[in-house]
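Student: Could you put the whole structure together from the sequences, leaning on the hints where they help?
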Amino acid sequence: MKKPGPATATSSKIRFDDSDDHELSSEDEGEIERELAEVTFEELQRARSDGSEMVYRKQNMEKKGSRANKNRPVEMSSKKPVSRFREVIQMPKKDSPSNICSRFILPCHWKVVRDPRFESLCGNLDVDGFKKRYNFIYENILPVEKEELKKQMKRIKDPEAIKELKDRMGRVDKELKSAVTKRTEKDILAEHKKKEREAAKKGKQPYYLKKSELRKQKLIEKYKELKDSGKLEAFIERKRRKNAAKDHRYMPYRRPAEEGSQ
1 MKKPGPATAT SSKIRFDDSD DHELSSEDEG EIERELAEVT FEELQRARSD GSEMVYRKQN
61 MEKKGSRANK NRPVEMSSKK PVSRFREVIQ MPKKDSPSNI CSRFILPCHW KVVRDPRFES
121 LCGNLDVDGF KKRYNFIYEN ILPVEKEELK KQMKRIKDPE AIKELKDRMG RVDKELKSAV
181 TKRTEKDILA EHKKKEREAA KKGKQPYYLK KSELRKQKLI EKYKELKDSG KLEAFIERKR
241 RKNAAKDHRY MPYRRPAEEG SQ
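Quick note on UniProt numbering: the sequence shown kicks off at 1 and runs consecutively.
Take the hints with a grain of salt, since some may be wrong.
Listed next, with one range per pair, are the computed distances between beta-carbon atoms [to be verified]:
no.: 1; residue 1: Leu226; residue 2: Pro143; range: 12 to 22 Å
no.: 2; residue 1: Ile156; residue 2: Glu43; range: 34 to 44 Å
no.: 3; residue 1: Leu176; residue 2: Gly203; range: 15 to 25 Å
no.: 4; residue 1: Val113; residue 2: Glu43; range: 22 to 32 Å
no.: 5; residue 1: Gly123; residue 2: Lys224; range: 32 to 42 Å
Hints listed in this document are in silico derivations from the structure and should not be mistaken for laboratory results. For glycine and all other residues, C-beta sits at the position ideal for the given N, C-alpha and C.
Tutor: Here it is in structure tokens:
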């Protein structure tokens with residue numbers, strides 16, 4: 001006769017454990033969402049490329065409607081639930097291209113462009129989180145792209161291709177300069193707010209930085225950066241030539257001598 005082995009977990013116990021796990025997961029749901037919100041876009045791309053953290057999605061098992069003969073109607077399942085949301089048709093504006101096309105009885109489809117910055121459906125814009133997630137574009141991708149464009153310009157001899165590469169390099173330089181300017185402005189404002197908070201603790205009235213003073217601070221920071229890099233003299237000389245050309249443009253020309261005075 002067999003001896004009774006170790007007691008195994010019953011189905012009710014298993015159901016109890018599952019419900020406990022479900023309860024724990026519901027409690028930690030908010031914390032998990034906060035952790036996922038801080039994950040940078042670069043880490044998501046890396047996880048997606050190497051496949052180590054790949055998320056397996058359930059395959060869509062729905063079958064497309066088919067017909068046995070082209071003259072017969074399409075057979076569709078009657079078990080598919082009807083959507084509770086109705087389709088809302090965007091009415092064209094008075095002078096929109098869709099309205100113009102309707103005058104001539106032409107089929108015209110006009111897409112409504114939505115800006116996620118001003119749409120309540122897209123949620124609130126988190127500027128700091130956005131910069132944190134996409135900061136690798138300005139630190140890694142754009143500088144590498146700029147160096148690659150320089151190498152291509154040295155190899156290519158076609159004038160049209162060179163012009164296109166110069167335009168692309170100009171766009172990259174513009175993006176990099178814009179990122180540096182925004183970062184400098186953010187640091188100046190953060191430093192000013194820090195000083196004002198300390199002054200407010202002492203009972204002083206808050207002082208809000210004007211745009212003109214912000215421009216002065218940005219110019220001072222730029223001159224400090226140029227001086228540290230040894231490019232200040234070249235920058236001042238280039239600025240002087242530019243201002244001289246501007247002044248020369250507005251100088252009055254010499255009037256021609258009148259015929260009677262000759």
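Student: Take the hints in turn and mark each one as holding or not.
Tutor: Hints and how they fare:
1. Leu226 with Pro143: 12 to 22 Å: With a Cβ separation near 20 Å, Leu226 and Pro143 satisfy 12 to 22 Å, so the hint holds.
2. Ile156 with Glu43: 34 to 44 Å: 36 Å, holds
3. Leu176 with Gly203: 15 to 25 Å: Roughly 43 Å apart at Cβ, these two residues miss the hinted range, so it is violated.
4. Val113 with Glu43: 22 to 32 Å: 31 Å, holds
5. Gly123 with Lys224: 32 to 42 Å: Holds, since Gly123 and Lys224 (Cβ atoms, about 39 Å apart) stay within the stated range.
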